[in-house]
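Taking the hints into account, I'd like the entire structure generated from these sequences.
Sequential numbering from 1 applies to the sequence shown in our numbering.
Please note: incorrect hints may appear among the correct ones.
No farther apart than 35 Å at their CA atoms in a straight line, the calculated lysine-lysine pairs in the DSBU-like style are these [stated by the list, open to error]:
no., residue 1, residue 2
1, K369, K358
2, K176, K89
3, K230, K116
4, K359, K192
5, K231, K176
6, K231, K369
7, K298, K116
8, K293, K140
9, K89, K369
10, K230, K269
Treat the hints as calculated values from the structure; they're not laboratory data.
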Amino acid sequence: MNKLFGTDGERGIAVTDLTCELAMKIGRAAAVTIAGGEERHSRIIIGTDTRSSSDPLEDAVVSGVRSVGTDAEVLGVVPTSVVAYMTEKHDADAGIMISGSGSSAEFNGIKIFGHKGRMLTDDEECEIENLVLYEHHNIKLAPHDEAGRISYYNQAADDYIEYIREIAECDLSGMKIALDCANGCASVTAQKLFSSFGAEIFVMSDTPDGENINRNCGTNQIDPLIYFMKKNSCDCAFAFDGDADRCTAVDENGEIVDGERIFAILLEKYSRDGLLKDNTAVITAMANSGLRKFASDKGITLVNAGAGHRYILERMTENGYNLGGEPNGHIVFLDDLPTADGQLTALRILGIMKKENKKLSQLAADMTKLPQVMLNVRIDTQCREMWKNNKEISQMIESFENELGENGRIVVRESGHEPLIRIMTEGSDFSRINEMAMALEDCIRRLFRHRAAKEQ
1 MNKLFGTDGE RGIAVTDLTC ELAMKIGRAA AVTIAGGEER HSRIIIGTDT
51 RSSSDPLEDA VVSGVRSVGT DAEVLGVVPT SVVAYMTEKH DADAGIMISG
101 SGSSAEFNGI KIFGHKGRML TDDEECEIEN LVLYEHHNIK LAPHDEAGRI
151 SYYNQAADDY IEYIREIAEC DLSGMKIALD CANGCASVTA QKLFSSFGAE
201 IFVMSDTPDG ENINRNCGTN QIDPLIYFMK KNSCDCAFAF DGDADRCTAV
251 DENGEIVDGE RIFAILLEKY SRDGLLKDNT AVITAMANSG LRKFASDKGI
301 TLVNAGAGHR YILERMTENG YNLGGEPNGH IVFLDDLPTA DGQLTALRIL
351 GIMKKENKKL SQLAADMTKL PQVMLNVRID TQCREMWKNN KEISQMIESF
401 ENELGENGRI VVRESGHEPL IRIMTEGSDF SRINEMAMAL EDCIRRLFRH
451 RAAKEQ
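In structure tokens form, the structure reads like this:
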């Protein structure tokens, strides 16, 4: 496993773990590796979210990029997908997004896109990582008169809105929609974008102050949006995360429509209209078995990718597929954008509702999910990967899998960007799978607590 990058870029506590020095080195290494900074004059697009830590990290990344002769084009606060989109639109060599996504304000992250806004390959990430951690002293810095230049492009959000308006092609007049911007990047685009389709829009959590991103709002906390939606008598609602690359919906009854139900709606529509390439879409191992059965009943093929929408994109690109998604609401429309986009996802769902004259609850009811329990166990960073070789954990997983047989699943995996072990149990008996999940959680906590005590 890479020591620096997870499944969705570098992430950590801002300034403490993800220091300005580290950010500068990442910017410099990205310029050399992806943009070829030492070899030719090149340009990198840079965007940020609304965290107070994003400003100093942006300054550091820009300094690193310019130090090897690469130009930096700064977009300011924009959704992650805008950085990927503008990288392609402006024919830049790479793009860098500074965002902690759905994490709380003390965290931040750096996500790098290659040419045309594509996600990096493992080899490219490893090369950047080696330059940052081991070989940064060997990077040749540009002379003072050849340092990269900095420019500011303030129209990126408007360019994105114009583009989404062109590809979404829906008339939402007569609809009342509530939006939760998570005090993040959607705050600069959502009101203007969704209003432009003719809907009456009610927006909450759109006043970022640098510290309130994802705080009791957005995809992390749906209850305030449910209350807000009902208070304003809306037809439905959508919550975004901090960088607006994923969304969760709420139907007219106040029931949550999660990423998998959203994906099922899109799957059926794309397949029925002949838009789904090879009638195949990409998911992860964490996808609910109900989604798999739904797709099978519709004659749609689902193929697995590794956890994280980076690996979904990789699988889609390799095989020419155009639709992929994760349970958390990362939906990729590869014909339209090179990465996931929560606002486009919401507009596609709204367009289906309007065209078919159906409420969101009617569309979401077509898929029946199998009961599922998901738990996260935080571990010490030094203990990453060690749990995989623990006999007690592996035997417990095997025992539970044998008990469930074909009627359920156990998935235990490590988070790609946080020191967390994610536990998922699935089966028809919720009480029993909940017991299984808690037993695994207790086992992992006990074993790692014991290890930590031994090392002290």
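Check whether the Cα positions of K176 and K89 lie no farther apart than 35 Å.
32 Å, holds
Does K116 lie within 35 Å of K230 when you go C-alpha to C-alpha?
41 Å, violated
Starting from K369, check that the Cα of K358 is at most 35 Å away, please.
21 Å, holds
Holds or violated: K298 with K116, Cα cutoff 35 Å?
34 Å, holds
Decide if the proposed pair is consistent with the structure: K89 and K369, CA atoms, cutoff 35 Å inclusive.
39 Å, violated
Checking one constraint from the list: CA of K231 to CA of K176, max 35 Å. Satisfied?
Given pair K231, K176 holds - Cα atoms ~12 Å apart, limit 35 Å.
Quickly compare the C-alpha distance for K293 and K140 to 35 Å and report which way the hint goes.
Not OK: K293 and K140 at ~55 Å, beyond 35 Å, violated.
Within a Cα-Cα threshold of 35 Å, do K230 and K269 meet the stated pairing?
28 Å, holds
Verify the proposed pairing of K359 with K192, using a straight-line Cα cut of 35 Å.
24 Å, holds
Given pair status - K369, K231, alpha carbons within 35 Å:
29 Å, holds
Hint check: violations occur at hints 3, 8, 9; the rest are consistent with the structure.
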